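Colleague: The residues making up each chain are set out below.
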Amino acid sequence: MSQSNSSSLKGRQVILHDMCLRDGMHAKREQISVEQMVKVATALDDAGVPYIQVTHGGGLGGNSLQHGFAPHSNEEYISAVAAKMKQAKVSVLLIPGLGTMRELHSAFDCGARSVHVATHCTEADTSPQHIAYARKLGMDTSGFLMMAHLNDAAGIARQGKLMESYGAQTVYVTDSAGYMLPEDVKARIGALREVLNPETEIGFHGHHNLGMGVANSIAAIEAGASRIDGSVAGLGAGAGNTPLEVFAAVCERMGIETGTDLFKLMDVAEDIIVPMMEHIVRVDRESLTLGYAGVYSTFLLHAKRASLQFGVPARDILVELGRKKMIGGQEDMIQDTAMTMAKERGISLPG
Amino acid sequence: MKKIRCALIGSGNIGTDLIYKVMRSPVLEPVWMVGIDPESEGLLRAREMGLKTTHEGVDGLLPHVLDDGIQIAFDATSAYVHAENSRKLNALGVLMIDLTPAAIGPLCVPPVNLREHAEKLEMNVNMISCAGQATIPIVNAVSRIQTVEYAEIVASLASKSIGPGTRANLDEFTNTTSRAIEKIGGARKGKALAIINPAEPPMMMRNTIYCLTDDEPDRTRITESILQMIGEVQKYVPGYRLVNGPIFDRKKVSVFMEVAGLGDYLPTYAGNLDIMTAAATRTAEMFAEEILAGTIQLKAPEVA
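Which chain is which? The protein sequence lines are R and H, in order.
Going by the numbering used here, 34 is the number at position 34 of the first sequence; the sequence numbering is gapless.
Going by the numbering used here, 58 is the number at position 58 of the second sequence; the sequence numbering is gapless.
In case anyone wonders, no lab produced these hints; they're calculated from the structure.
Be aware that one or more of the hints could be misleading.
What the hints assert, rightly or not - Restricting the straight-line Cα-Cα distance to at most 20 Å, the calculated cross-link-like pairs of lysine to aspartate or glutamate (DMTMM-like) are:
| no. | chain 1 | residue 1 | chain 2 | residue 2 |
| --- | --- | --- | --- | --- |
| 1 | R | Lys343 | H | Asp249 |
| 2 | H | Lys160 | R | Asp125 |
| 3 | R | Lys325 | H | Asp171 |
| 4 | R | Lys136 | H | Asp171 |
| 5 | R | Lys324 | H | Asp249 |
| 6 | R | Lys304 | H | Asp249 |
Claimed, not checked - To give an idea of the interface, some chain H residues facing chain R are shown, with a C-beta separation under 7 Å as derived from the structure:
| no. | residue |
| --- | --- |
| 7 | Val154 |
| 8 | Ser156 |
| 9 | Arg167 |
| 10 | Ala168 |
| 11 | Leu193 |
| 12 | Ile196 |
| 13 | Asn197 |
| 14 | Leu242 |
| 15 | Asn244 |
| 16 | Phe256 |
Note that the coordinates shown come from a computational prediction; the quantities given were computed from them, not determined experimentally.
Where is the CB? At the ideal position from N, CA and C, for every residue including glycine.
The task is simple: from the sequences and hints, build the whole structure.
Modeller: Written out as structure tokens, the structure is:
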């Protein structure tokens, strides 16, 4: 394979973090079996992916009426996967307000060794307990600033600095709505790089709702990021995460070192992940609406369900949620908004 | 008419909003405000409103408790210092209304179980959390009709209404609320979720309550019970409002509520402040009425 000789990123090392078995849970309505998890994780481990996130889509504490119930507990998934890993570390997601330190401890006991502690991009100060606790457990600890398009570069830098002060070793810019463009990514990551300690890493977590997952991730690396989240075949919320095998191929062309085996990743995508999909995860009318309107990617399937139940088009519901500035975790407001819109439109509500 | 004299401990959002609520009460009089920062806005405002203040914490208040006839104290500090505050003030015969998630005393949601506490003469009553006050009445309204296997509540709060104490201790907030959904709400298992939303202009406090009943829900009776309960809460929180529901999906009952505040200290979006301070004031009033009627007498516990 020929490499572009002009790549300024040649020789840069980047750590890949696969999200199929966490963000991908959203796309599967939380219905992935333990056997499927082990099969996917084992293949990713064999392909050299260093970090694999495994939990309910909402992370620790995610099993709920609000976010759906998975067939197994987080502990069952993590234990089953961690036992089979040869080199990969198992990571988890923890959103304070949903997950707790008790659940983090339990995940650690099952073999999780890395955690994304996630807050909305302006609310980093809800995470000090959880970040400190993760560090105390000796976990690889990231602060994860969600819906990062809703805070400007200076604001993201301040929030990231807070997370670093609590003990985060990596700070993520998280484009939960798949709304950002490369310039937006560069501005935020650049601002973080200026204020964070040199040893603190920066990560980027993209969604592909505008088809920008790969380009945004490259922009992130240019601005100083060294960790990239993606998911093989893009199995994730909305139009999916940055498709990891595509990103790995681009990295190879540019001489960025990921330590993964590209052909193996391509095989996992084609032979394991795509056959698992209930719908082909892609940029369609609704997921494009998420990216265009800046709406949390996980809202996609909820809005489609509310549309069927209350007779208001999913796109209209998503645009209204964007207008009301609803954020991750407010899935209850999808039904509520659909009902209110139905009333306003004179549609009679069921039962 | 004689009023019961009160101290307010903690000069953050909740403590400051309490000044207004207690001042409006026909049976309570706010006398002292306790803080730890002499420049805090809460203490400045308390002084302007004629309260005595100290910035030396509860220890600054103790020498004045007997002389000033303080009988009820509201604690809006943090779960970590509440136990010590309570011990010191109980020793002087002062009844504690606990607005922190410490929950060392019995949990109180006024329309559900306030009367029981007054009868038992508890010296420390806990108000759970704003989310608990806003949702547990609804869980109870369902569970008093039919057994509830599981109840889950989602509280969305405006970022500007959440002070540093709650932010730094979200686990205590969700744990205390989850437990109260079981103990006072009457669900066999409870779960609480909190979301802090920074939208501008700030969003009203929203609460969604989901209950899973053991058997098919009796839609008519449950709806009636919920509406009746909302009326009870509206007696002390006028901005407590049903937005959508109840809707029934097999055994799941979903109710979508909003709480607008009175706009005393923070603007009306901060219904979470109001429902907490109004419930605490309502609770203190119940005790005050009994004290004034001579039916209960507060006593310092016997020291061994």
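Colleague: Confirm or reject each hint.
Modeller: Verification of the hints:
Taking the CA atoms of lysine 343(R) and aspartate 249(H), the gap is near 19 Å; set against the 20 Å cutoff, the hint holds. Taking the CA atoms of lysine 160(H) and aspartate 125(R), the gap is near 13 Å; set against the 20 Å cutoff, the hint holds. With a CA separation close to 25 Å, the supplied pair lysine 325(R) and aspartate 171(H) exceeds the 20 Å bound. At roughly 17 Å between alpha-carbon atoms, lysine 136(R) and aspartate 171(H) fall within 20 Å of each other, so this suggested pair holds.
The straight-line distance between the Cα atoms of lysine 324(R) and aspartate 249(H) is roughly 26 Å, outside the 20 Å bound, and the hint therefore fails. Simply put, lysine 304(R) and aspartate 249(H) have alpha-carbon atoms about 17 Å apart, close enough for the 20 Å limit, and the pair holds. At its closest, the beta carbon of valine 154(H) sits 5 Å from a beta carbon of chain R; the interface hint therefore holds under the 7 Å criterion. Hint status for serine 156(H): holds, given a least beta-carbon distance of 6 Å to chain R, under 7 Å.
The restraint placing arginine 167(H) at the interface with chain R holds, with a minimum CB-CB distance near 5 Å, inside the 7 Å limit. Checking alanine 168(H) against chain R by beta carbon gives a least distance of about 6 Å; that is within 7 Å, so the hint holds. For leucine 193(H), the shortest C-beta to C-beta distance to chain R is roughly 5 Å, which falls under 7 Å, so the interface hint holds. For isoleucine 196(H), the suggested interface contact is upheld, since its CB lies about 5 Å from the closest CB of chain R, less than 7 Å.
Taking 7 Å as the C-beta cut-off, the interface hint given for asparagine 197(H) holds, the closest approach to chain R being about 5 Å. Interface hint at leucine 242(H): violated, since its Cβ lies 11 Å from the closest Cβ of chain R, which is beyond the 7 Å cut-off. Given hint, asparagine 244(H) at the interface with chain R, holds; its Cβ is 4 Å from that chain's nearest Cβ, closer than 7 Å. Taking 7 Å as the C-beta contact cut-off toward chain R, the hint placing phenylalanine 256(H) at the interface holds, the least distance being around 5 Å.
The structure fails hints 3, 5, 14 (numbered hints given earlier, in ascending order).
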